[in-house]
Structures are given as structure tokens and as C-alpha cells.
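Novice: Going line by line, the protein sequences match chains A and B.
FYI, full-length UniProt numbering numbers position 90 of the first sequence as 90, with every residue one higher than the one before it.
FYI, full-length UniProt numbering numbers position 170 of the second sequence as 170, with every residue one higher than the one before it.
Derived by calculation from the structure, the hints in this document are not laboratory data.
Heads up, some of the hints might be wrong.
Pairs involving identical chains hold if they fit within one copy or between any two copies, as the list cannot separate such chains.
Taking lysine to aspartate or glutamate pairs in the DMTMM-like style, the calculated list, with each CA pair at most 20 angstroms apart, reads [what the hints assert, rightly or not]:
{"hint": "1", "residue 1": "LYS85", "residue 2": "ASP153"}
{"hint": "2", "residue 1": "LYS144", "residue 2": "GLU165"}
{"hint": "3", "residue 1": "LYS144", "residue 2": "GLU43"}
{"hint": "4", "residue 1": "LYS178", "residue 2": "GLU43"}
These numbers were taken from a predicted model, which means no experiment stands behind them.
There are 2 protein chains.
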Amino acid sequence: MSTITILGAGNMTRGIATRALAGGYDVQILARDESEAGTLANELTGSVSTGAFSTPIAGDVVVLALPYDAALSVAGELRDALNGKVVVDITNPVDFATFDRLVTPDDSSAAQEIQKAIPAAKVVKAFNTTFAGTLVAGAVDGQKLDVLVAADDAEAKAAVVSLVEAGGMRALDAGPLKRAHQLEGVGFLHMALQGQLGNTWSTGVKVVGA
Amino acid sequence: MSTITILGAGNMTRGIATRALAGGYDVQILARDESEAGTLANELTGSVSTGAFSTPIAGDVVVLALPYDAALSVAGELRDALNGKVVVDITNPVDFATFDRLVTPDDSSAAQEIQKAIPAAKVVKAFNTTFAGTLVAGAVDGQKLDVLVAADDAEAKAAVVSLVEAGGMRALDAGPLKRAHQLEGVGFLHMALQGQLGNTWSTGVKVVGA
Numbered sequence: 001m002s003t004i005t006i007l008g009a010g011n012m013t014r015g016i017a018t019r020a021l022a023g024g025y026d027v028q029i030l031a032r033d034e035s036e037a038g039t040l041a042n043e044l045t046g047s048v049s050t051g052a053f054s055t056p057i058a059g060d061v062v063v064l065a066l067p068y069d070a071a072l073s074v075a076g077e078l079r080d081a082l083n084g085k086v087v088v089d090i091t092n093p094v095d096f097a098t099f100d101r102l103v104t105p106d107d108s109s110a111a112q113e114i115q116k117a118i119p120a121a122k123v124v125k126a127f128n129t130t131f132a133g134t135l136v137a138g139a140v141d142g143q144k145l146d147v148l149v150a151a152d153d154a155e156a157k158a159a160v161v162s163l164v165e166a167g168g169m170r171a172l173d174a175g176p177l178k179r180a181h182q183l184e185g186v187g188f189l190h191m192a193l194q195g196q197l198g199n200t201w202s203t204g205v206k207v208v209g210a
Numbered sequence: 001m002s003t004i005t006i007l008g009a010g011n012m013t014r015g016i017a018t019r020a021l022a023g024g025y026d027v028q029i030l031a032r033d034e035s036e037a038g039t040l041a042n043e044l045t046g047s048v049s050t051g052a053f054s055t056p057i058a059g060d061v062v063v064l065a066l067p068y069d070a071a072l073s074v075a076g077e078l079r080d081a082l083n084g085k086v087v088v089d090i091t092n093p094v095d096f097a098t099f100d101r102l103v104t105p106d107d108s109s110a111a112q113e114i115q116k117a118i119p120a121a122k123v124v125k126a127f128n129t130t131f132a133g134t135l136v137a138g139a140v141d142g143q144k145l146d147v148l149v150a151a152d153d154a155e156a157k158a159a160v161v162s163l164v165e166a167g168g169m170r171a172l173d174a175g176p177l178k179r180a181h182q183l184e185g186v187g188f189l190h191m192a193l194q195g196q197l198g199n200t201w202s203t204g205v206k207v208v209g210a
């Protein structure tokens with residue numbers, strides 16, 4: 001069976017791991033503090049192993065479930081181990097001090113910056129518009145979650161689309177990796193709208209009517 | 001009763017006029033070719049007047065229902081007549097030759113470029129993520145349309161929010177006018193996804209679950 005490795009042990013790891021396990025994947029959770037990976041694993045049902053960032057990566061697909069700055073630095077740190085891997089960037093590089101801008105260059109995106117840090121990996125943008133709670137629930141408002149996926153490598157994109165669909169969600173192909181710029185705009189907006197939507201962080205961005 | 005002036009006589013004018021009329025507004029349609037405004041007006045039910053771009057603008061809210069390049073040039077052409085008006089930019093400045101980029105600067109947006117051309121008007125970004133057919137229908141997939149609205153001027157934004165709500169849609173406040181950069185990213189993605197969604201152009205982008 002395929003294994004998904006997730007780096008980080010926070011809410012987004014809980015969400016993505018829940019969907020991957022529901023889809024029949026084995027999950028490996030690696031965290032800076034291995035005990036946090038263990039604590040999260042104890043909440044989950046299915047085939048879950050844990051380790052530290054130094055533990056050999058078991059999955060062909062590796063999700064960076066970390067805030068943008070940490071995702072970028074951990075990707076660089078594990079650069080050799082990520083060679084040839086499908087690396088999923090889920091981040092929204094919001095300037096949390098102002099909540100009024102993204103910290104990435106105007107002509108780039110978090111996904112493209114991470115790709116530059118690990119040029120021998122195949123970076124895929126996904127899961128940046130789906131909140132953790134909706135991933136755990138596996139649905140929003142009784143509807144399938146939409147997961148927008150952008151990547152340059154077709155096989156890498158297909159691997160993430162398979163994960164999305166196995167987990168009971170709908171994958172929408174947003175195009176090449178540079179389209180992450182627009183996807184991160186969607187993620188930023190979705191976060192910025194929470195105040196007027198009751199701050200539940202349980203909403204989903206969907207393309208409805210098709 | 002309030003009057004909405006719409007510049008252009010294409011599909012988006014049909015959609016926005018239909019919603020405005022449903023909301024009890026008077027609608028004035030002005031087109032380069034006045035006869036096209038008349039033809040469209042004949043399809044609509046309610047208080048509709050027509051004219052050319054040189055006809056005095058009746059509305060306090062003026063919608064530029066034109067492709068981006070035309071919207072920018074017509075705004076400049078009517079600069080004096082638009083002084084003090086609420087001007088609604090609905091465009092998606094997609095490079096239609098490649099469908100792979102936006103033609104606006106990386107650090108700007110169509111709305112901001114139009115604001116520069118008419119500095120004494122109050123530009124509001126709205127309706128760039130809602131397709132014409134769904135505006136005519138007034139709903140998508142049995143749900144209210146979401147209209148994302150961005151503007152710097154609070155009264156101008158409120159006028160557009162009132163129009164949206166009167167027309168039976170949900171307004172979401174996306175923030176200041178510069179957030180048009182992200183809204184235009186949403187519009188671009190929504191258009192780019194049509195191929196894999198059956199090319200019906202009858203879908204809607206919604207925040208569901210709230």
C-alpha cells in the first residue's frame with residue numbers, strides 16, 4: 001500500500017492524515033519533536049508510524065504540513081532526502097502581523113519558493129484552501145471538499161489527485177505550479193473572510209454547479 | 001429609486017441588469033453602439049433606459065461591464081463624467097492568447113489600474129467571479145451567488161453590497177481595493193477550470209458551510 005509521509009504534527013496533519021487513512025493509505029508522521037507525532041498518531045485510526053525529521057522518509061508523497069517559513073527551512077534541511085519525492089506544499093504565506101499581504105514575492109508563490117529550495121523534488125500545491133476541521137470531517141456543508149491542485153510534473157500531480165480522490169474529496173486541476181500564486185490568493189481570502197463568517201474556520205471554498 | 005448605470009451591452013450587462021432590476025433598481029445601459037443597448041433592454045423586464053457613452057450618466061453606481069482593455073480606455077474617456085461616482089470593475093484581465101497569465105502588473109490588479117485612470121472616482125471590485133448566466137438565473141446549484149467585493153471607500157463598498165443583497169445574492173467583504181489582486185486570481189482560476197467542469201460556464205465560486 002502507498003505511504004504518505006507528513007512533516008509536522010499540527011491540525012493540518014490531523015486533517016490530511018485522517019483523509020489519507022480513510023483512503024487506505026499508510027501514514028508516516030514526522031515532527032521536530034517526535035513525541036508530538038506520537039501524541040497525534042494516538043488520536044488516529046489506521047496504519048500510522050511516527051518519527052523525527054531525521055527518520056528515513058517512507059512515503060513517495062511527502063506533505064509539508066508546517067507554516068510557510070518552517071516549510072521552507074525544513075525542505076532545505078531535508079533537501080537530499082526529498083530528492084525525487086512528490087512534495088506537497090499546503091501553505092498560505094500570509095503576513096500574520098498585518099493579515100494584509102503575502103510575504104512571498106509578487107511574481108512568485110510559496111510553492112515556487114519551496115521548489116527553488118528543493119529543485120530535485122516535484123512540488124505540488126494542494127490543500128491550502130481546505131481548513132483542518134473540514135479535512136477531519138471529510139465534507140463541508142454536506143458536500144465533497146474541493147481540493148485545488150497545481151503542479152508542473154504530471155505524475156506528481158496525478159499522485160496527489162489519487163490521494164485526494166481516495167480520501168473522498170474532489171480534485172480540481174488548477175494547472176502548472178505557478179498557478180499556486182492564485183491558489184494562495186484563494187487561501188488568503190478564505191482566511192481573511194473568517195471574521196465575517198463567524199470565525200468557525202469550518203467553511204470550504206467550492207466551485208458549485210458542476 | 002436608485003439607478004445603476006451599466007456601460008456595455010454584453011452578457012455581463014444582461015446578468016447584472018437582471019439582478020439589479022430584480023432588486024428594484026432602475027437600470028441605464030450605455031453602449032458604444034446605442035442600438036446594442038436597445039436590443040438588450042428589450043430582453044429585460046423593468047425600468048431600463050438606454051443611451052450611448054456620451055449620454056449623461058444617471059446612476060451613482062456605474063458598472064464597467066466591458067473587457068479589461070475596453071474598461072480601462074472607456075473609464076479614461078469618461079473620466080470627468082465619472083468623478084465622484086462609484087465605479088464597479090468586474091473584469092478578469094486574463095491574457096486570452098495564452099490563458100496562462102494576467103496582463104496586469106504583478107503587484108497590481110485591473111481594479112487598481114482603473115482607479116489610477118479615474119482617481120476622482122471610487123472604484124469597487126465585484127462580480128468578477130460570477131458568470132453571466134448565473135447572474136441571470138440569480139442562483140447557482142440552488143444556492144445564493146457569492147459576490148466578493150473589495151474597495152477602499154466604505155460608502156462605495158456599501159452601495160455595491162446593497163445592490164448585491166437587493167438582487168438576492170450574498171456579498172462577502174474581501175477587504176481593500178488591493179485585494180482585487182486576489183479576487184482576479186479567483187476569477188482567472190474559475191475560468192481556467194471550466195474545461196474540466198464541462199465548459200458550461202454555469203458554475204459559481206462559493207464559500208460553503210457558513
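Novice: All hints, please: hold or fail.
Specialist: Quick rundown of the hints versus the structure:
1. LYS85 / ASP153: within (11 angstroms within a copy, 48 angstroms between copies)
2. LYS144 / GLU165: within (10 angstroms within a copy, 27 angstroms between copies)
3. LYS144 / GLU43: neither (23 angstroms within a copy, 38 angstroms between copies)
4. LYS178 / GLU43: neither (36 angstroms within a copy, 42 angstroms between copies)
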